[in-house]
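Undergrad: Per the working numbering, the very first residue in the sequence shown carries number 122; after that it's consecutive.
Hints listed in this document are in silico derivations from the structure and should not be mistaken for laboratory results.
Glycine residues also receive a C-beta, built at the ideal position from the N, C-alpha and C atoms.
There could be a bad hint or two in this list.
[What the hints assert, rightly or not] What follows is a list of derived Cβ distance ranges for each label pair: (1) Lys166 - Ser195: 49 to 57 Å; (2) Ile186 - Ile161: 40 to 48 Å; (3) Ile161 - Glu194: 32 to 40 Å; (4) Gln175 - Arg155: 34 to 42 Å; (5) Glu160 - Gly193: 52 to 60 Å; (6) Glu173 - Ser195: 35 to 43 Å; (7) Thr172 - Glu194: 40 to 48 Å; (8) Asn165 - Glu194: 37 to 45 Å; (9) Gly193 - Thr172: 35 to 43 Å; (10) Gln196 - Glu176: 53 to 61 Å; (11) Ile161 - Gly193: 50 to 58 Å.
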Amino acid sequence: MSVLLIMVTPEPKMIGHPLLTCLALLPLQPRLQRPDRAEIEKFNKSKLKKTETQEKNPLPSKETIEREKRAGESQ
């Protein structure tokens, strides 16, 4: 088993491998940082505009399917 020890220093320092140097320069953050929900909670839903969904490619009706089946069988 290998163990990797990274020393955090106040100034950037080459650690030996460029990738390790990049990782060492990343800011330290808590693992389970929760997003700030204050803006979401303040959002006013009543300002949203009502929209109507329009299908670009609507499904055929039952009658259309039956008509096409009959047309295909007669050929």
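Undergrad: Could you work out which of the previously given hints the structure breaks and list their numbers from low to high?
TA: Hint check: 3, 8 and 10 fail, others pass.
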